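Order-wise, the sequence lines are chains A and B.
If you read the first sequence in our numbering, its first letter stands for residue 7, the second for the next number, and so on.
If you read the second sequence in our numbering, its first letter stands for residue 3, the second for the next number, and so on.
It is possible that part of the hints are untrue.
[Unchecked claim] Chain A is faced by these chain B residues, among others (derived, beta-carbon under 7 Å): (1) V79; (2) G85; (3) G90.
Hint data in this document are derived by calculation from the structure and do not stem from the laboratory.
This structure is a prediction, so every number in the text was calculated from the model and none was measured.
Beta carbons: idealized from backbone N, C-alpha and C, even for Gly.
So you can see what is in the structure, the chains are spelled out below.
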Amino acid sequence: MSKVIPRIPLPAGERPHERLPSPGEWSFPLIEQYHRVIRDTAERFGLDTYPNQLEIITAEQMMDAYASVGMPINYRHWSFGKEFISNEQRYHRGEMGLAYEIVINSSPCISYLMEENTMGMQALVIAHAAYGHNSFFKGNYLFRMWTDAGSILDYLVYAKNYIAACEERHGYERVEEVLDSCHALMNYGVDRYRHPEKLSLAQELVRRAEHAEYAQQQVNELWSTVPTKPGSASKESLKKRFPEEPEENLLYFIEKRAPHLQTWEREIVRIVRKIAQYFYPQRQTQVMNEGWATFWHHKILNTMFDDGYLSDGLMIEFLKSHTNVVYQPPVSSRYYNGFNPYALGFAMYTDIKRICEEPTDEDRQWFPDIAGKDWLPVLHDAMHNYKDESFIGQFLSPKLIRDFHLFALLDDENEEEYVVTAIHDDAGYRRVREVLSNQYNLGNREPNIQVWNVDVRGDRSLTLRHTRSNNRPLNDDTDEVLRHVARLWGFGVQIESVAEDGKVVETRKCLAPKMDDDE
Amino acid sequence: MSDHEITRVDSGTLPPPIDRRLAGKGKSIGNRQRFLRRQSEQVREAVKRAIEGRGIRDVGDGGEDVRIPKRDLREPVFGHGPGGSREGVHPGNEEYVTGDRIERPRGGQGSGGSASDSGEGEDDFVFHLTKEEFMNIFFDDLALPNLIKTTLADTPEYKSVRSGFTNDGTPNNLSIVHSMRNSIGRGIAFHKNDRKKLLELLEELDQLESVCHMCPAGYDEAHQKLTEEIGVLETKIGHDPEVESHESIANRIAAIVSKMRVIPYLDPIDLKYRARMRVPMPYSKAVMFCLMDISGSMDELRKDLSKRFFILLYLFLTRHYEKIDIVFIRHHTEAQEVTEEEFFHSRETGGTIVSSALLLMEQIIRERYPSGEWNIYGAQASDGDNWGNDSGTCSDLLEARLLPLCRYFAYIQVVEEEQNLWREYAKLAERNKSFAIRKVKAVSEIYPVFRGLFQKERKA
Numbered sequence: 007m008s009k010v011i012p013r014i015p016l017p018a019g020e021r022p023h024e025r026l027p028s029p030g031e032w033s034f035p036l037i038e039q040y041h042r043v044i045r046d047t048a049e050r051f052g053l054d055t056y057p058n059q060l061e062i063i064t065a066e067q068m069m070d071a072y073a074s075v076g077m078p079i080n081y082r083h084w085s086f087g088k089e090f091i092s093n094e095q096r097y098h099r100g101e102m103g104l105a106y107e108i109v110i111n112s113s114p115c116i117s118y119l120m121e122e123n124t125m126g127m128q129a130l131v132i133a134h135a136a137y138g139h140n141s142f143f144k145g146n147y148l149f150r151m152w153t154d155a156g157s158i159l160d161y162l163v164y165a166k167n168y169i170a171a172c173e174e175r176h177g178y179e180r181v182e183e184v185l186d187s188c189h190a191l192m193n194y195g196v197d198r199y200r201h202p203e204k205l206s207l208a209q210e211l212v213r214r215a216e217h218a219e220y221a222q223q224q225v226n227e228l229w230s231t232v233p234t235k236p237g238s239a240s241k242e243s244l245k246k247r248f249p250e251e252p253e254e255n256l257l258y259f260i261e262k263r264a265p266h267l268q269t270w271e272r273e274i275v276r277i278v279r280k281i282a283q284y285f286y287p288q289r290q291t292q293v294m295n296e297g298w299a300t301f302w303h304h305k306i307l308n309t310m311f312d313d314g315y316l317s318d319g320l321m322i323e324f325l326k327s328h329t330n331v332v333y334q335p336p337v338s339s340r341y342y343n344g345f346n347p348y349a350l351g352f353a354m355y356t357d358i359k360r361i362c363e364e365p366t367d368e369d370r371q372w373f374p375d376i377a378g379k380d381w382l383p384v385l386h387d388a389m390h391n392y393k394d395e396s397f398i399g400q401f402l403s404p405k406l407i408r409d410f411h412l413f414a415l416l417d418d419e420n421e422e423e424y425v426v427t428a429i430h431d432d433a434g435y436r437r438v439r440e441v442l443s444n445q446y447n448l449g450n451r452e453p454n455i456q457v458w459n460v461d462v463r464g465d466r467s468l469t470l471r472h473t474r475s476n477n478r479p480l481n482d483d484t485d486e487v488l489r490h491v492a493r494l495w496g497f498g499v500q501i502e503s504v505a506e507d508g509k510v511v512e513t514r515k516c517l518a519p520k521m522d523d524d525e
Numbered sequence: 003m004s005d006h007e008i009t010r011v012d013s014g015t016l017p018p019p020i021d022r023r024l025a026g027k028g029k030s031i032g033n034r035q036r037f038l039r040r041q042s043e044q045v046r047e048a049v050k051r052a053i054e055g056r057g058i059r060d061v062g063d064g065g066e067d068v069r070i071p072k073r074d075l076r077e078p079v080f081g082h083g084p085g086g087s088r089e090g091v092h093p094g095n096e097e098y099v100t101g102d103r104i105e106r107p108r109g110g111q112g113s114g115g116s117a118s119d120s121g122e123g124e125d126d127f128v129f130h131l132t133k134e135e136f137m138n139i140f141f142d143d144l145a146l147p148n149l150i151k152t153t154l155a156d157t158p159e160y161k162s163v164r165s166g167f168t169n170d171g172t173p174n175n176l177s178i179v180h181s182m183r184n185s186i187g188r189g190i191a192f193h194k195n196d197r198k199k200l201l202e203l204l205e206e207l208d209q210l211e212s213v214c215h216m217c218p219a220g221y222d223e224a225h226q227k228l229t230e231e232i233g234v235l236e237t238k239i240g241h242d243p244e245v246e247s248h249e250s251i252a253n254r255i256a257a258i259v260s261k262m263r264v265i266p267y268l269d270p271i272d273l274k275y276r277a278r279m280r281v282p283m284p285y286s287k288a289v290m291f292c293l294m295d296i297s298g299s300m301d302e303l304r305k306d307l308s309k310r311f312f313i314l315l316y317l318f319l320t321r322h323y324e325k326i327d328i329v330f331i332r333h334h335t336e337a338q339e340v341t342e343e344e345f346f347h348s349r350e351t352g353g354t355i356v357s358s359a360l361l362l363m364e365q366i367i368r369e370r371y372p373s374g375e376w377n378i379y380g381a382q383a384s385d386g387d388n389w390g391n392d393s394g395t396c397s398d399l400l401e402a403r404l405l406p407l408c409r410y411f412a413y414i415q416v417v418e419e420e421q422n423l424w425r426e427y428a429k430l431a432e433r434n435k436s437f438a439i440r441k442v443k444a445v446s447e448i449y450p451v452f453r454g455l456f457q458k459e460r461k462a
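Could you put together the complete structure from these sequences and hints?
Here is the structure:
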């Protein structure tokens with residue numbers, strides 16, 4: 007671990023003579039003043055961050071950043087334009103407040119402060135993004151394993167330039183087609199378990215130069231199966247599937263094996279795949295990440311108030327915003343739209359601290375490992391070593407289940423009605439916790455689809471296999487996504503849905519796309 | 003990345019926040035262009051509708067809402083469809099106990115954790131084309147050369163004229179007379195009391211000094227004497243502030259002078275700058291005559307072509323003239339001056355006598371638009387049908403009476419077939435440079451009609 011986490015918070019420095027000024031308007035010197043105190047306070051709790059870079063931007067720039075998936079730079083694509091237009095409209099119609107902050111998992115870690123924010127909001131955002139999220143990016147095991155904060159911005163610059171060059175050389179339409187198809191498979195462009203080696207930009211460039219030809223050879227090798235002498239091909243080899251083991255990373259498989267893709271097209275597939283992989287940890291740690299950041303902005307600002315830095319007015323404004331952020335509408339509310347990750351995550355970290363500091367008998371029974379321990383190391387551990395699924399599975403306490411009035415509901419197509427399977431009582435705690443934990447398992451949320459086989463000796467068609475969980479079928483987009491797969495693959499594509507007993511229950515096909523020129 | 007040093011950032015240094023507000027504005031323009039290109043069909047359709055729906059004068063106002071069905075914009079991904087079984091956790095239980103059964107909400111999809119993706123209530127995606135985008139698409143259809151596009155889309159030229167004085171400006175516009183006037187005025191206002199007092203003090207000092215000069219023993223002695231006298235007086239009548247010593251008067255003078263120094267001679271608030279205002283270049287007036295055949299053979303498509311032709315001429319003219327009148331003349335066997343609405347949206351049957359329109363145009367010019375004051379432009383659209391020997395009459399009429407009055411007269415024929423009118427006009431066009439004719443079957447063919455006009459403009 008990078009930084010020694012103090013067992014208890016380090017002592018406060020000298021008490022300031024007067025509170026920090028808190029006018030409504032922020033100013034650059036004031037931001038620096040607040041930032042310094044926030045930073046010192048965060049350090050007392052052992053928050054270990056990448057270097058921080060605060061950037062002041064306008065609302066329009068915030069929408070720009072929104073539109074390109076929160077990145078300060080990205081390649082050009084129509085879907086980002088669409089996103090921008092619809093955000094802009096909703097913003098102007100007043101349907102949507104802009105998020106207070108965007109923070110980028112990069113080193114240095116860039117946090118955007120919107121110019122419209124008041125000083126109090128800027129303080130909240132700095133604590134939330136620059137110390138909360140930032141320390142999460144640096145500490146959480148998924149991020150440590152999958153993303154390289156130091157090189158992502160360089161990589162995006164490379165991606166943007168590469169794709170712009172492709173557009174110039176091969177025309178917008180062709181590049182757009184490839185990107186559209188890749189985007190359709192983006193969620194299936196990640197290695198879920200295997201760990202890729204991290205590449206720096208320089209290595210990436212060298213790799214591309216060296217391996218472009220080699221990669222093409224590799225592809226050809228698969229297809230250059232010179233017909234073996236009749237009879238010599240054993241039945242076994244005919245029966246053998248290719249790939250032998252199912253491949254979960256569809257884009258990877260396409261990049262390496264699609265017969266007709268040109269080198270630049272392969273590189274685009276790779277770029278989309280790399281970016282998908284970069285975002286993969288974020289998709290698995292929503293509750294934890296937001297919860298952690300929210301817990302810390304709350305803790306840091308409260309500590310600063312106690313230490314005599316913040317004025318009452320600023321504190322009231324902050325608490326108001328904070329309360330809005332962590333509001334969880336109940337299921338009966340018309341604003342209910344699933345869980346608010348800020349609310350759930352904040353409640354869980356706060357609860358873990360409570361279990362450490364003031365455990366009840368119930369807590370001792372459920373959490374013998376942490377009840378009564380020092381809260382700071384426990385909390386850091388609960389950030390470092392989990393993802394949403396395991397975090398909830400491990401730490402959701404009966405008390406929280408009661409506080410949130412959680413209940414589990416089963417929706418089975420064979421049943422006339424919904425069935426309440428568990429509620430917040432002794433008999434239900436474990437089930438509620440298990441179901442909620444499962445709900446955050448990405449593998450459950452997205453259909454499980456893998457590359458199953460390629461008809462190497464026949465029509466070269468690709469077979470995907472969808473393994474059904476709980477008998478849930480694929481959605482209506484499937485046929486269209488298959489067309490995208492076929493466009494990349496260059497030959498026919500089919501997808502088989504396999505029930506839990508291993509039988510194929512549904513097959514959908516997409517014929518080979520027409521080739522304008524067969525190279 | 004594995005091993006980090008245990009570093010505690012030096013608590014003195016923190017990089018200051020970076021101000022990005024001025025940088026990277028409109029970063030998503032490239033994405034927007036790609037989006038527009040992808041939706042070009044709908045966008046073009048919207049522009050076409052706008053052109054149909056708007057008056058000739060309003061087309062240049064630009065901007066238009068484009069409506070795109072949401073499903074055309076969907077980006078498909080693999081996902082779970084409805085069906086199977088799923089279990090989810092929800093907050094805010096009020097009355098349920100384990101085993102309760104709850105009726106499914108109507109419409110099948112539940113309050114499940116997965117988002118409803120079968121939503122039928124598909125709103126259209128609506129967005130606004132900016133004026134530039136709108137005009138670009140309009141011009142693209144017309145196949146205008148780029149140079150012309152920019153000249154047309156530009157707002158008219160401005161010239162800058164003086165308009166009084168302002169409080170801020172650049173040094174080269176500084177008005178010294180006005181600034182100094184302010185400075186002096188302010189000085190007078192500020193120093194009024196001080197000056198008075200200063201004069202009094204100086205006078206007193208003079209008196210004192212004259213006493214000294216009278217006294218040959220010198221100043222000190224005189225002073226000594228004076229203070230003694232003062233002392234005597236003071237003891238008699240108490241302290242009299244009027245009587246002061248030489249030093250204290252000098253001190254007070256110094257104080258007043260230094261106070262007067264503090265007030266600057268020239269303060270930023272004194273500065274006045276010559277103001278300039280942009281006013282549109284004074285233009286002369288123009289009148290544009292739209293002549294159109296509305297006999298039965300002019301169908302909607304042909305009318306649309308004609309309308310675009312008129313719009314384009316109008317846009318060209320707005321570039322050069324501040325005030326433009328448009329006169330609409332429609333004709334079949336006889337001509338009529340009508341409103342724009344009637345012009346484009348009525349259809350009548352019957353024969354065609356083109357010369358009737360030309361005669362009416364001439365009549366209107368003589369009555370309302372004396373050619374000395376007005377720049378006259380004629381634009382005629384027709385399908386080329388004309389009554390037997392009327393075409394010769396038209397040609398003569400144009401050559402002898404109308405063209406001398408007009409800056410330019412353009413004729414488009416919206417069908418391929420050449421009839422006698424075309425033949426007559428073709429002969430005329432060869433002889434006369436301010437007359438242009440063209441056959442137009444698609445909107446992209448309209449522009450060349452104007453080419454002659456522009457070449458002339460360039461020379462001018």
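When the least beta-carbon distance from B:G85 to chain A is tested against 7 Å, hint result: holds (5 Å)
Residue hint B:G90, partner chain A, criterion CB-CB below 7 Å: With a closest approach of 6 Å, the B:G90 hint holds.
Hint validity - B:V79 Cβ closer than 7 Å to any chain A Cβ: holds (6 Å)
In summary, the structure agrees with every hint in the numbered list given earlier.
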